[in-house]
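Here's the letter readout for the chains.
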Amino acid sequence: MDVPAKAKIFGQRLLQQHVRIGITGLSGAGKTAFITSLVNLLTQDAEPQAAFFDVMQQGRFIGGQLQPNANLQLARFPFEFNLQQILQGRWPASTEQISQLTLELRYHSGHVLRRRLSQYQSIRLEITDYPGEWLLDLPMLSQEFADWTAQAYAALAANQHVPAVAAYLAALHSDQQAVDALRTRMLTDLYQQALRAMKQQGWLALQPGRLLRPAELAGSPLLELFPLDPAIAVGPLYSFLQQQFKAYCQQVVTPFYQQYFAGLDRQVILVDCLGALNDGFAALTQLQQALLQLAEQFRYGPDSWFGRLFKPRISKVLFAASKADLLTPDQHRNLLLLLQQMLRQPLYQQQYQLCQTEVLALASVVSAQLGQVQTASGPQACLQGRLQQNGELCTLYPGDVPISMPSEAIFAQHRFEFPKFLPMLNGKQQSSHLRLDQALQFLLGDLLQ
Amino acid sequence: MTDVPTEPANGLRSAERFSEQQFVAMDSPVLSALTPAQQYTPDSFVSPPEATKPVAGQSTAVTTVGWVWWTAAGLAVLLAGVQWYQFVAESWLQNALQGAAATGLTLCGGGLLLRSLLKGWLQRRRAKQLDVLRAEAKQLQSSLQYGQAQSWLERAKALLTDEPAATTFNADPLLSDAEQLALFERLVLQSLDQRAQQLVRQAAGQTCLAVAVSPLALADLALVSWRSITLVNQIGEIYGVRLTLWQRAVLVKAFLQALFWAGSTELAIDLAGDALGAELSSKLSARAGQGVLAGLLVARLGYYAIGQFRPIRYSTPDSGSKLLITDLVQQLLKSRKTD
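Here the protein sequences line up with chains A and B, keeping their order.
Going by the working numbering, the letters in the first sequence line up with residues 1 to 449, in that order.
Going by the working numbering, the letters in the second sequence line up with residues 1 to 339, in that order.
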């Protein structure tokens with residue numbers, strides 16, 4: 001970025017006209033759909049469905065437009081393509097690389113004086129999308145290699161029944177200490193396959209995340225990082241990996257964090273509780289662990305002009321339980337309570353740090369229609385949508401959501417089977433959302449007054 | 001997925017599949033344009049059983065003095081009835097024409113009396129419905145429940161049958177009760193509020209001008225009370241509540257009480273604290289100052305009435321009254337310039 005462009009952003013940030021929103025979420029939480037739907041809501045010319053977003057409801061919103069990114073090296077978020085996918089009834093493909101989007105919003109001020117002074121006000125939003133797998137690398141910054149390898153090895157040991165994991169462990173144990181380029185490459189590839197297999201099994205805590213989604217680092221020696229048996233804490237392979245770990249943290253994780261997370265003003269943490277419930281007790285506890293670890297990586301605190309310029313802090317956090325459209329509405333409350341209970345610790349911390357928090361059950365793109373069926377015990381609310389596996393129309397009651405973290409015993413006797421539907425269009429051939437306007441009001445309402 | 005009905009062993013219902021034929025779609029907001037607007041007459045309205053709670057304090061012990069009064073009133077009505085009957089009977093005896101006239105008078109009078117009683121009863125019932133609605137709204141707003149708001153919304157819509165925004169309002173079945181109410185407030189009540197506030201501003205301005213130019217103190221008093229009563233009536237019409245004269249008087253009384261006991265500090269701030277207002281009103285004559293005061297009083301009453309007529313209580317105190325003093329003074333100054 002050249003100096004004038006930086007100075008411009010500096011000035012805009014001083015006037016609170018440049019806001020960075022961080023959409024945080026593990027892979028599969030629905031970040032891409034959330035960004036696409038959010039941008040669609042802010043840029044579409046049709047009458048938006050946003051009764052809870054003050055600036056739109058009061059008719060003061062003029063419009064939003066996509067702008068070229070300040071950092072031209074970064075890929076642009078493929079908004080139009082993703083939107084087209086949704087309108088054609090498909091989910092956008094999962095994110096492979098980092099991308100950014102800059103949006104300029106114009107609105108009339110609600111203040112009489114400000115409205116007299118200028119015809120319109122404007123604000124710039126900077127939104128970044130990235131593969132959710134990378135996010136899980138952030139806790140590595142506060143870890144030592146010994147801790148990391150023990151933790152990652154334990155995850156492998158827990159998945160020994162998976163063939164790819166067994167293959168990696170066998171290769172690792174065949175010759176513990178030999179270090180040569182060929183062997184490290186082979187072990188890296190095997191570990192990569194093991195990680196992918198574990199991901200298929202619904203395992204969440206997978207590090208290093210870059211190995212799962214290498215993007216531009218594919219084949220780079222930086223990614224040669226895999227865990228060892230913690231019983232052996234000496235030897236050439238151990239010291240090689242120790243260096244690799246350090247290099248990975250310094251050259252991959254730190255820049256990623258510095259560039260996209262250190263400067264956030266507002267944050268959305270998307271959580272797919274339903275997917276984790278489907279995957280079982282281990283997935284749910286891992287999700288909770290991951291979220292707790294993640295919440296420690298960000299700077300939270302009240303907004304101030306000095307902080308905004310030199311040391312940005314996140315002044316508002318929205319915890320969003322995504323995919324709430326896969327539930328009948330009476331279960332939204334349970335979903336909220338479950339998320340709240342999972343995140344009790346970070347929520348308390350953020351309140352202590354004077355950061356505003358909100359918890360919502362939302363759906364970026366509604367994929368099911370609510371209806372009723374007559375059963376023997378009276379009318380029963382149910383959902384209808386097209387299943388993601390085969391596109392067939394399916395009518396079902398998706399089941400209840402527990403209002404607190406379910407114990408392992410509950411998983412043993414109860415199977416959670418929340419469906420996965422394809423996006424659905426409404427009567428105007430547009431996608432509809434659930435509570436996205438409330439999310440916007442919380443995130444931006446105070447800036448668009 | 002199982003076809004077995006729910007087994008609440010751990011309190012959680014399992015997923016359950018149904019056939020496509022069984023599915024009946026809820027009217028979603030998306031399709032709301034296609035479903036015809038439905039209006040309800042007040043007669044078709046049936047309150048749910050829990051809504052008709054006996055109002056506390058209504059059946060308080062009647063004192064002996066109260067009994068005496070009631071007996072006296074009852075006897076007087078009875079005597080008047082007997083007297084009237086005798087008068088009609090005597091009229092018939094004297095002259096058929098006179099008798100016919102007396103009977104006609106009785107029928108007309110009785111009809112009018114019945115009509116006004118019925119009207120009063122209907123209005124009273126509407127006002128009661130409003131009270132119930134307000135109490136329920138308060139409960140719904142603080143709950144995270146789902147599915148209770150539908151009946152509330154239908155009754156609120158029944159109150160606001162003249163309001164197109166209300167009759168076309170369709171609840172989003174995906175939202176919770178508190179959200180439904182918030183949506184109703186945003187999409188329906190806000191426009192009503194704006195209209196009512198416009199009325200209040202008009203009434204305040206008119207009162208202010210009239211008091212400023214009228215020379216008689218007694219005329220001022222009559223003017224202010226007349227304008228207050230009509231204002232309350234107009235605001236009530238906007239919110240679908242028609243008050244009897246008696247109820248209007250009760251409202252004004254409640255307002256005065258609120259002014260004395262609770263609102264006095266606010267009023268003092270309004271009157272004295274507004275630096276701009278004080279500075280401006282010092283430039284005006286004493287009469288004009290009185291006009292501003294009277295206008296302010298009417299405006300306060302108007303805002304109070306809005307607060308009382310809204311089916312949902314104000315979630316945030318309005319800031320509209322702050323600008324009012326300057327507004328009124330400016331209106332006065334403008335009218336003086338044009339004179």
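Incorrect hints may have been included.
Now the stretches of chain B that chain A is said to cover, found in silico as 3 or more residues with beta-carbon under 8 Å [to be verified]: (1) 16-25; (2) 164-176; (3) 183-192; (4) 300-307.
Pair by pair, the computed Cβ-Cβ distance ranges are [unchecked claim]: (5) Asp147(A) <-> Val24(B): 51 to 57 Å; (6) Leu15(A) <-> Thr161(B): 35 to 41 Å; (7) Gln67(A) <-> Val24(B): 42 to 48 Å; (8) Gly147(B) <-> Gln289(A): 46 to 52 Å; (9) Arg134(B) <-> Gln289(A): 24 to 30 Å; (10) Gly11(B) <-> Gln151(A): 56 to 62 Å; (11) Phe240(A) <-> Gly11(B): 33 to 39 Å; (12) Arg115(A) <-> Lys253(B): 39 to 45 Å.
Below, simulated SDA-like cross-link-like pairs (lysine to any residue); rule was C-alpha separation at most 20 Å, straight line [stated by the list, open to error]: (13) Lys311(A) <-> Ala75(A); (14) Lys428(A) <-> Lys253(B); (15) Lys311(A) <-> Gln85(A); (16) Lys428(A) <-> Asn170(B); (17) Lys428(A) <-> Ala15(B); (18) Lys6(A) <-> Gln151(A); (19) Lys420(A) <-> Cys394(A); (20) Lys420(A) <-> Ala249(B); (21) Lys199(A) <-> Thr375(A); (22) Lys428(A) <-> Leu14(A); (23) Lys428(A) <-> Thr168(B); (24) Lys199(A) <-> Gln151(A); (25) Lys128(B) <-> Arg313(B); (26) Lys311(A) <-> Gly11(A); (27) Lys428(A) <-> Glu20(B); (28) Lys420(A) <-> Ser19(B); (29) Lys246(A) <-> Ala150(A); (30) Lys420(A) <-> Lys253(B); (31) Lys246(A) <-> Gln297(A); (32) Lys128(B) <-> Leu112(B); (33) Lys428(A) <-> Gln85(A); (34) Lys128(B) <-> Ala15(B); (35) Lys119(B) <-> Glu237(B); (36) Lys311(A) <-> Ile9(A); (37) Lys420(A) <-> Arg313(B); (38) Lys199(A) <-> Val234(A); (39) Lys138(B) <-> Arg333(A); (40) Lys420(A) <-> Ala376(A).
Calculated from the structure, these hints are not laboratory results.
Cβ coordinates follow ideal geometry from the N, Cα and C atoms, glycine included.
Hint check results:
1. 16-25: The restraint on the region 16-25 of chain B holds, since 9 of its residues have a Cβ under 8 Å from chain A and three suffice.
2. 164-176: holds (count 4)
3. 183-192: Coverage by chain A holds here, the residue count being 3 at a Cβ distance below 8 Å.
4. 300-307: violated (count 0)
5. Asp147(A) <-> Val24(B): 51 to 57 Å: holds, 56 Å
6. Leu15(A) <-> Thr161(B): 35 to 41 Å: violated, 48 Å
7. Gln67(A) <-> Val24(B): 42 to 48 Å: holds, 46 Å
8. Gly147(B) <-> Gln289(A): 46 to 52 Å: violated, 35 Å
9. Arg134(B) <-> Gln289(A): 24 to 30 Å: violated, 47 Å
10. Gly11(B) <-> Gln151(A): 56 to 62 Å: Roughly 35 Å apart at Cβ, these two residues miss the hinted range, so it is violated.
11. Phe240(A) <-> Gly11(B): 33 to 39 Å: violated, 53 Å
12. Arg115(A) <-> Lys253(B): 39 to 45 Å: holds, 41 Å
13. Lys311(A) <-> Ala75(A): Violated - the C-alpha atoms of Ala75(A) and Lys311(A) are around 26 Å apart, more than 20 Å.
14. Lys428(A) <-> Lys253(B): The hint is violated at about 52 Å.
15. Lys311(A) <-> Gln85(A): Not OK: Lys311(A) and Gln85(A) at ~38 Å, beyond 20 Å, violated.
16. Lys428(A) <-> Asn170(B): holds, 17 Å
17. Lys428(A) <-> Ala15(B): violated, 31 Å
18. Lys6(A) <-> Gln151(A): violated, 41 Å
19. Lys420(A) <-> Cys394(A): holds, 10 Å
20. Lys420(A) <-> Ala249(B): This hinted pair is violated, its Cα atoms lying about 61 Å apart.
21. Lys199(A) <-> Thr375(A): violated, 39 Å
22. Lys428(A) <-> Leu14(A): Violated, at roughly 41 Å.
23. Lys428(A) <-> Thr168(B): holds, 18 Å
24. Lys199(A) <-> Gln151(A): Answer holds: Lys199(A) to Gln151(A) is near 16 Å, not above 20 Å.
25. Lys128(B) <-> Arg313(B): holds, 15 Å
26. Lys311(A) <-> Gly11(A): Distance ~15 Å between Lys311(A) and Gly11(A) Cα, so the pair holds.
27. Lys428(A) <-> Glu20(B): violated, 23 Å
28. Lys420(A) <-> Ser19(B): Holds: Lys420(A) and Ser19(B) sit about 17 Å apart, inside 20 Å.
29. Lys246(A) <-> Ala150(A): holds, 16 Å
30. Lys420(A) <-> Lys253(B): violated, 60 Å
31. Lys246(A) <-> Gln297(A): Cα-Cα ~18 Å, so holds.
32. Lys128(B) <-> Leu112(B): Distance of about 24 Å is beyond 20 Å: violated.
33. Lys428(A) <-> Gln85(A): Given that 20 Å is the threshold and the Cα spacing comes to 17 Å, the pair holds.
34. Lys128(B) <-> Ala15(B): violated, 44 Å
35. Lys119(B) <-> Glu237(B): holds, 15 Å
36. Lys311(A) <-> Ile9(A): Answer holds: Lys311(A) to Ile9(A) is near 15 Å, not above 20 Å.
37. Lys420(A) <-> Arg313(B): violated, 41 Å
38. Lys199(A) <-> Val234(A): Roughly 30 Å between the alpha carbons, so the hint for Lys199(A) and Val234(A) is violated.
39. Lys138(B) <-> Arg333(A): holds, 19 Å
40. Lys420(A) <-> Ala376(A): violated, 27 Å
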